[in-house]
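J.: Now for the letters of each chain:
Protein chains: 2
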Amino acid sequence: MTDNLNEIGANAKKAAFQIANLDTETKNQVLNEFATALTEHTNEIVTANNKDLDNANDLPAKFVDRLKLTPERIDGMAEGLRQVANLADPIGNVDTGFTNKDGLIIEQRRVPLGVIAMIFEARPNVSVDASALTFKSGNAVILRGGKEAINSNTTLVDILRTVLNKNGIDENAIQILHDTSHETANELMHLNRYVDVLIPRGGSGLINAVVQNSTVPVIETGAGNCHIYVDDSADLKMATDITVNAKVQRPSVCNAAEKLLINADVADEMLPTIAQALEDNGVELRGDDKSRQIVSSIKPATADDWSTEYNDLIMAVKVVDSVDDAISHINEYSTGHSESIITNNYAHAKKFQQLIDSACVYVNASTRFTDGFEFGFGAEIGISTQKLHARGPMGLNEITTTKYVISGDGQIRK
Amino acid sequence: MTDNLNEIGANAKKAAFQIANLDTETKNQVLNEFATALTEHTNEIVTANNKDLDNANDLPAKFVDRLKLTPERIDGMAEGLRQVANLADPIGNVDTGFTNKDGLIIEQRRVPLGVIAMIFEARPNVSVDASALTFKSGNAVILRGGKEAINSNTTLVDILRTVLNKNGIDENAIQILHDTSHETANELMHLNRYVDVLIPRGGSGLINAVVQNSTVPVIETGAGNCHIYVDDSADLKMATDITVNAKVQRPSVCNAAEKLLINADVADEMLPTIAQALEDNGVELRGDDKSRQIVSSIKPATADDWSTEYNDLIMAVKVVDSVDDAISHINEYSTGHSESIITNNYAHAKKFQQLIDSACVYVNASTRFTDGFEFGFGAEIGISTQKLHARGPMGLNEITTTKYVISGDGQIRK
Chain H
1 MTDNLNEIGA NAKKAAFQIA NLDTETKNQV LNEFATALTE HTNEIVTANN KDLDNANDLP
61 AKFVDRLKLT PERIDGMAEG LRQVANLADP IGNVDTGFTN KDGLIIEQRR VPLGVIAMIF
121 EARPNVSVDA SALTFKSGNA VILRGGKEAI NSNTTLVDIL RTVLNKNGID ENAIQILHDT
181 SHETANELMH LNRYVDVLIP RGGSGLINAV VQNSTVPVIE TGAGNCHIYV DDSADLKMAT
241 DITVNAKVQR PSVCNAAEKL LINADVADEM LPTIAQALED NGVELRGDDK SRQIVSSIKP
301 ATADDWSTEY NDLIMAVKVV DSVDDAISHI NEYSTGHSES IITNNYAHAK KFQQLIDSAC
361 VYVNASTRFT DGFEFGFGAE IGISTQKLHA RGPMGLNEIT TTKYVISGDG QIRK
Chain P
1 MTDNLNEIGA NAKKAAFQIA NLDTETKNQV LNEFATALTE HTNEIVTANN KDLDNANDLP
61 AKFVDRLKLT PERIDGMAEG LRQVANLADP IGNVDTGFTN KDGLIIEQRR VPLGVIAMIF
121 EARPNVSVDA SALTFKSGNA VILRGGKEAI NSNTTLVDIL RTVLNKNGID ENAIQILHDT
181 SHETANELMH LNRYVDVLIP RGGSGLINAV VQNSTVPVIE TGAGNCHIYV DDSADLKMAT
241 DITVNAKVQR PSVCNAAEKL LINADVADEM LPTIAQALED NGVELRGDDK SRQIVSSIKP
301 ATADDWSTEY NDLIMAVKVV DSVDDAISHI NEYSTGHSES IITNNYAHAK KFQQLIDSAC
361 VYVNASTRFT DGFEFGFGAE IGISTQKLHA RGPMGLNEIT TTKYVISGDG QIRK
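Protein chains in written order, with the UniProt record's numbering: chain H, 1 to 414; chain P, 1 to 414.
Please note: incorrect hints may appear among the correct ones.
Derived DEER-like restraints, expressed as beta-carbon distance ranges [what the hints assert, rightly or not]:
| no. | chain 1 | residue 1 | chain 2 | residue 2 | range |
| --- | --- | --- | --- | --- | --- |
| 1 | H | K62 | P | G376 | 52 to 58 Å |
| 2 | H | P272 | P | G97 | 36 to 42 Å |
| 3 | P | G97 | H | N6 | 40 to 46 Å |
| 4 | H | K62 | P | D304 | 53 to 59 Å |
To give an idea of the chain H side of the interface with chain P (calculated C-beta under 8 Å), a few residues [unchecked claim]:
| no. | residue |
| --- | --- |
| 5 | V94 |
| 6 | G114 |
| 7 | Q353 |
| 8 | V361 |
| 9 | R368 |
Rather than coming from a laboratory, the hints here were simulated on the basis of the structure.
Quick reminder that beta carbons are idealized off the backbone N, C-alpha and C, glycines included.
Input sequences plus hints: build the corresponding full structure.
T.: Right, dumping it as structure tokens:
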């Protein structure tokens, strides 16, 4: 099936104008109806999902698991929709306001971005989560999911659009591309006339392709080569617990730690314990010469290891001479996502937080907390690793913009 | 002269790390020394500028005027530097802070973007203004000015770099490309490894080329097809004064009005007066059939007129049936910069401010106020017409970003 991108874009822009001006109560009611509709259409969703699963026979088990929708998972999506209904609506907030020297009252009012495009990979829940967050924040959305989930995604989106329609809301506020070819994705990346921002969600291959090709402004999400630095004043138990948690609690996600740096003064004492705890949890360790002299089971690391995001039970270990060395190494190799120092030294903690150039800089906590839910935003549309517009977990506020609304009584410029 | 962009980028990134962590007092002192140094080197600057002027013999007078540096203009730049020294430093501000459910203290701290690249056209004062604003906000800058101003720009930048050097600050915090070829500009647009944001300043040709080609994130500035809408309840004198001010006070700039929409119910009464006042100020009027039936001196407008930014003493006039028609027309043809309604109708004023999708939406005031100085920001690096990151006049705050700084005592994720 081919899509007419210009038509889709123009329809999205038209719908965006309508939903930008819906009141919060209407939006919340529709979100709750989305939830009810998903539960009511469980069988239909499972049937569509089964078609995708049938086509996914040759794919790895991990991939198939992400694709699979069960009645329980559909209930989970519905619950997510109800949670978004309960979140505060950022639209219409006045962020700042002041009166200028001429007596103009100038207010900076929060408004939707307009049309958001999302390009994502296999997980069909993204189409529902993204629709909920963009709708609540008054934005229209154009979804482009992976071909592996096309039957699930189109069924889910059709259910949401039917609810919009019943409520007298332009159903083109939520659209999905039926054509999952690269050519069509590429067209979407150049739809500057209609699309205000493009958010890719997926592996680094997808994200890099979007950054390289898109002329529509992009918010980069998700690449995480996260570091734990164990300082010379670290508490050994805390260092072990945090390192294990950051590495193994969910190794496939972007806020999982990939690298362990340890201070040379305590490496002899602490590294064997930490390495043992990691290996007990099935982690393969790769390290520099110094770390391998301390723990013989560590395999040699190559130059590539320092910049690799494994998303797996692998961790590279390096012995560093000081907090300054740790900071230099991290600022050189990190993707700017999340880093943590384990220390009891006030000056080192302060220095690490000041000098590390990443979205989230922790003292004595697991990097796994970099997440919209954990931060208390209630939901997230992704984690930005760029510096423009949004940095770190992106909640509703991060998918809005502002405009200046100025009230005068005849002022002209002299 | 050729430039090694990778070397320039790496040097900028290194310098950025140093100046991100300078205290405000040091930065202010350096800015004041910049000012003194410019004044002291007036002769040297004028000599370099004369070389550029000699090469500009064949260029239009307006262009030559923008290029020209006199002792008075150099004093003006020095005064601008001192003003930037007096502005509040946004770096280190904590924008929000909260404690999450696990007891993590999470602060959103304002930090520099890192390395900012600017591509601009003839005016050499941009190299000094941009250096001042990026330095004050802790960012390194890579400047790429037009070839017409190369001698002026490099001389100005050399003076600033000498001051940095004397103060023990990495002079690569301010760099300028000596090669003004398109190839080198293109290389700069793809220097994602080192450049955090690219800000083009100039005509729409330059800005479109950057948006189309750059893989580095861009902040679009400056295109302004601004509208004045005279509502049926407008005060005629106010409507005339604001329209004339918005059109003629400085027609070459982006916040000057280019279009006049007038309500059909008052067009017979008001348009002759407003048109006469504009024509008395040398404005050429182009209009739709209805406006030409009312004022015979109005020339016919073509379809292109509605989307054209003249930057000149030309204005297109259209008679519309209602505030809703005015809003539809503006949202279709505007570049999203600045629009103003002249009205005494509360509901119309509120509707216009709510529904117009532009950076600055005025009631009863000239669009010429869309400006960092007029808003009270003290200075501006440009006016953003995009929705991502910054919208409207960009002061120091808009060329910074944030990072989350998180303080725990051993928290791990469950």
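J.: Now tell me, hint by hint, if it's right for this structure.
T.: The hints, checked one at a time:
1. H:K62 with P:G376: 52 to 58 Å: Given about 55 Å between the Cβ atoms, the range holds.
2. H:P272 with P:G97: 36 to 42 Å: Holds, at about 38 Å.
3. P:G97 with H:N6: 40 to 46 Å: holds, 45 Å
4. H:K62 with P:D304: 53 to 59 Å: holds, 55 Å
5. V94: For V94 of chain H, the interface hint is violated, since the closest Cβ of chain P sits about 12 Å away, which is over 8 Å.
6. G114: holds, 7 Å
7. Q353: holds, 5 Å
8. V361: holds, 5 Å
9. R368: With a closest approach of 4 Å, the R368 of chain H hint holds.
This entry does not satisfy hint 5, going by the numbered hints stated previously; all others are met.
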